[in-house]
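S.K.: Working from the sequences, and respecting the hints, build out all of it.
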Amino acid sequence: MTLKGRDIVSVFDFSRDEIEYLFKKAEELNDIRRGRTLNIATGKLAAITFFEPSTRTRLSFTMAMKRLGGDILDFGEVERTSIAKGETLADTIRMIDGYGVDLIVLRHPSEGASKLAAEVAEAPVINAGDGSREHPTQALLDLYTIWREYSCIDGLNVGVMGDLKYGRTPSSLSYALSMFSNVKVYYIAPKPLQIREEVLSRVKGKIEYLKCEDLREVIDKLDVLYVTRIQRERLPHPEDYEKLKGLYTVTPSSLKGCKDNLIVMHPLPRVTELSHEVDEMKHARYFQQAVNGMVIRAALIKEILGL
Amino acid sequence: MEETLKSLNIDSGTLIDNISAGKGLKIFKILNLKGETVFLFINAPGERFRVKDLIAVKNCFLGEKETLKVALISPGATVRRIENFELKPERHLEIPKHLTDLFKCPNSKCITNKEREPVKPSFTVTQREPLKLKCDYCDRYLSREEVEELIVSGK
Ligand SMILES: [Zn+2]
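Which chain is which? The protein sequence lines are A and B, in order. Residue numbers for the first sequence follow my numbering, beginning at 13 and rising by one. Residue numbers for the second sequence follow my numbering, beginning at 523 and rising by one.
Careful: at least some of the hints might be erroneous.
Claimed, not checked - Straight line, CA to CA, 30 Å or less: simulated DSSO-like cross-link-like pairs of lysine-lysine:
1) A:196 / B:654
2) B:610 / B:587
3) B:654 / A:177
4) A:218 / B:654
5) B:656 / A:203
6) A:216 / B:619
7) A:177 / B:636
8) A:271 / A:196
9) B:626 / A:177
None of these hints come from the bench; they were simulated from the model.
M.R.: Here you go:
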């Protein structure tokens with residue numbers, strides 16, 4: 013199995029076997045998890061090209077590359093620097109590619125930007141988020157976190173809660189879960205923020221799913237609860253926010269009746285949707301998620317570079 | 523039909539037949555056939571007591587893109603060449619698996635809508651009946667009705 017030279021535009025660029033292969037490869041990078049720097053990628057250069065701010069994702073890719081012993085070329089926030097002033101994305105990517113970098117990590121506000129970049133660049137491109145469309149490495153790290161807990165993804169019941177309509181995490185996660193067998197997803201959200209039909213149409217027949225509005229109705233079924241933030245301005249009636257806030261906040265009491273081995277996840281940063289009291293519970297996994305993100309990205313970079 | 527062509531004095535040109543009733547005017551508009559002699563028949567008698575629209579145009583032949591647009595607006599339509607008042611064999615309007623540069627993606631955040639970016643809108647047919655397309659860049663799904671609207675509004 014090889015991922016060498018592969019562009020990662022969508023989570024669908026992976027097969028199930030490749031995803032599981034990456035998980036195993038990530039486990040081999042335990043030294044990175046413990047904070048050591050390896051020299052696997054010595055002499056390799058990754059361009060970190062972000063057209064919109066995302067400190068965490070940028071940090072995660074930067075750390076992943078550095079821990080592998082490679083180097084990065086960070087273009088800062090490209091839009092604010094002169095390199096992209098009035099220039100098309102295609103030209104910027106061609107220019108960066110022309111430097112002979114080994115890998116381009118791209119984040120861009122336009123949907124489909126990474127596909128265009130992959131078409132014009134010789135170097136492999138990793139999509140680090142394009143518009144509200146996809147964020148394949150986020151989906152990968154979410155799955156990896158689940159897999160580390162249960163050693164498999166098949167047959168799990170996953171609750172996804174919060175803003176499922178506008179958030180990019182719920183759709184990417186749904187697509188990734190659809191590659192596994194017998195997964196059941198509970199979409200827990202107020203009606204105006206429920207998961208989009210176009211997402212469901214892509215997972216129909218691959219996962220079983222159920223939409224509901226109240227976590228308490230399904231909490232006893234879940235192996236995983238994935239919490240995302242609801243933003244006031246996304247609601248058709250923002251005055252409903254205060255009312256909904258309580259219903260969509262996870263606290264020790266809202267987890268009452270949950271399975272013993274339930275894990276609670278969150279892409280972070282959080283605001284009020286996940287109370288700090290949950291941090292102390294054995295269910296909390298969101299801080300590990302961030303570390304897992306760096307490790308799985310390191311594994312992905314290593315495989316794409318064929319190291 | 524040949525008799526009609528003679529009476530209309532169209533010795534050479536194109537006949538678009540079997541247009542679903544009510545779509546003739548839309549097709550006439552998008553083909554931008556100004557300057558030619560164009561006949562548009564609305565609610566003409568068709569098969570099995572049904573009515574249809576027809577367009578006959580003199581000295582004008584449809585390119586591939588225009589033909590595809592006709593097929594997208596009225597899937598049952600047929601396009602035939604007229605030579606010496608004679609109708610040449612029917613061309614079947616099969617919609618290909620990939621459609622490029624025919625209409626814009628309706629998603630304003632799609633990279634294909636970014637100014638000056640060297641990328642053409644392109645779509646893949648994901649379902650034939652009823653027709654469903656997906657943008658190759660932003661994954662937005664489109665129904666045939668939405669495509670018709672995009673073509674007619676000139677987007
Ligand atoms: Zn699009």
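S.K.: Does each hint hold? Answer for all of them.
M.R.: Evaluated hints:
With a C-alpha separation of about 27 Å, the suggested pair residue 196 of chain A and residue 654 of chain B falls inside the 30 Å cut-off, and the hint holds. The suggested pairing of residue 610 of chain B with residue 587 of chain B holds, with an alpha-carbon distance near 20 Å, which does not exceed 30 Å. Of the supplied pair hints, the one linking residue 654 of chain B and residue 177 of chain A holds, its CA atoms being roughly 22 Å apart against a limit of 30 Å. This hinted pair checks out: residue 218 of chain A and residue 654 of chain B have alpha carbons roughly 20 Å apart, not beyond 30 Å.
Straight-line distance between C-alpha atoms of residue 656 of chain B and residue 203 of chain A comes to about 26 Å, which keeps the hinted pair within the 30 Å bound. A distance of roughly 22 Å separates the Cα atoms of residue 216 of chain A and residue 619 of chain B; the hinted pair therefore holds under the 30 Å criterion. A C-alpha spacing of about 24 Å is found between residue 177 of chain A and residue 636 of chain B, which places the hinted pair at or below 30 Å, so the restraint holds. Annotation: proposed proximity of residue 271 of chain A to residue 196 of chain A holds, straight-line Cα distance about 15 Å (limit 30 Å).
Restraint check: the Cα-Cα separation between residue 626 of chain B and residue 177 of chain A comes to about 24 Å, which is no more than 30 Å; the hinted pair holds.
Violated hints: none; the structure is consistent with every hint.
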